[in-house]
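Number of protein chains: 4
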Amino acid sequence: MDRTDSLDNIRRRLAAFVAERDWDQFHNPKNLAMALASEAGELVEHFQWLTPEQSADLPAETREEVRLEIADVLLFLLRLCDKLDIDPVAAAAQKLELNASKYPVEKSRGRATKYDKL
Amino acid sequence: MDRTDSLDNIRRRLAAFVAERDWDQFHNPKNLAMALASEAGELVEHFQWLTPEQSADLPAETREEVRLEIADVLLFLLRLCDKLDIDPVAAAAQKLELNASKYPVEKSRGRATKYDKL
Amino acid sequence: MDRTDSLDNIRRRLAAFVAERDWDQFHNPKNLAMALASEAGELVEHFQWLTPEQSADLPAETREEVRLEIADVLLFLLRLCDKLDIDPVAAAAQKLELNASKYPVEKSRGRATKYDKL
Amino acid sequence: MDRTDSLDNIRRRLAAFVAERDWDQFHNPKNLAMALASEAGELVEHFQWLTPEQSADLPAETREEVRLEIADVLLFLLRLCDKLDIDPVAAAAQKLELNASKYPVEKSRGRATKYDKL
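Chains as they are written, first to last, in the working numbering: chain W, 1 to 118; chain E, 1 to 118; chain P, 1 to 118; chain F, 1 to 118.
Just so you know, the hints here were simulated from the structure itself, not pulled from any lab data.
Be aware that one or more of the hints could be misleading.
Each pair may be met inside one copy or between any two copies, as identical chains are not told apart.
Calculated lysine to any residue pairs in the SDA-like style (CA-CA distance at most 25 Å, straight line) [to be verified]: (1) LYS107 x SER6; (2) LYS117 x ALA90; (3) LYS114 x ALA56; (4) LYS102 x LYS114; (5) LYS107 x ASP87; (6) LYS114 x ALA93; (7) LYS114 x SER6; (8) LYS102 x ALA56; (9) LYS117 x ASN9; (10) LYS117 x ASP82; (11) LYS83 x GLU20; (12) LYS107 x GLU42; (13) LYS117 x GLU106.
Source: prediction; values computed, not measured.
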């Protein structure tokens, strides 16, 4: 992953893309959360009739469509982070730490049980 | 953003977190897309009764909750990318290029119209 | 609302529609919950760039599109209820009762605060 | 299903519930679409780690939780219909007709292919 394609670089290019189109007026956090959710819905749509096994072995065309839906989710996530001044990587790192305490290895091994029911 | 907190580093630490808990059995792309969508729903929940203006000026406590929901979305997105062998940053960079042709500046300036209705 | 268009009638006609196409094999509750969520995402998409005021005063064409997205959500909801043997109207009536105790009038009047923070 | 528990009756009781709490100020269509999507996300959460087979054979406690999530989705759907003056049952009946032409039996039997790829 070279410098050109870093997450932070994408965030900046995306902000320029939005500014050029004067779309900042639409990009408040409420609207961006909605846009992220609707992209997540499109992502889910690709998988809804597949078996779990099929989902792990996508035809090339479907995989490429899924790849671009993932891109859409990430773009709106970066946009939302930009507006809220959140560092997504630092947030994810912290959440991973929190999850490590919510899901101790010995209690959660092999079990998809939510932490509040462990 | 130092090396320790890079996106790729998070992806690897997350994979280790999952392996330790033997959760890989649950992490097929279908299930991960669902998990991402349910986290997107939690993100939306924080904003649903706020005005757009309020969403841009969150109380500190709400902002921190939103920050951790964003983290959850990103963690499942990274997990999904890992299982599908997708580079999310390269995908986002490519999608941004595609959007630049779907939304020419002169046609889309100041208008939130979907490209197929421009 | 005449007998022909009752909710229960729709549920039955939908089951026949699915049976004719041999789609029952795809309609387990997991898949149907996904389909409902992806339709909810399409519903949200129509509103994401609108102001709250615009959302209450839709152009005729948008309102008709929204109307059909609402139909899609309801159809998958009925399908899910069918597979889980749930009566959606009885469930909604019960939930409304539960909400009445979770949100006492005196505590929640004029406040969009979730019950666990009241 | 007696008269007391008809869909229309629920819609009216829900409107009264909202009026008593002075929540109408929050219930524009944009916000209601978000609320519906976040409830859809909670519904999906219950199924995300289950196999399709497990989803069709829920433990009693999970089934009851799912039942109340379905109720939440339906309540916000009714609320949205109320604000947009949409009859959900008529809309669903019409959409079922449309689907019958988009998915002819002979072309779609046994195939979960979206109509635009049939």
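Are any of the numbered hints broken by this structure? If so, which, sorted upward? 1, 2, 5, 7, 8, 9 and 10
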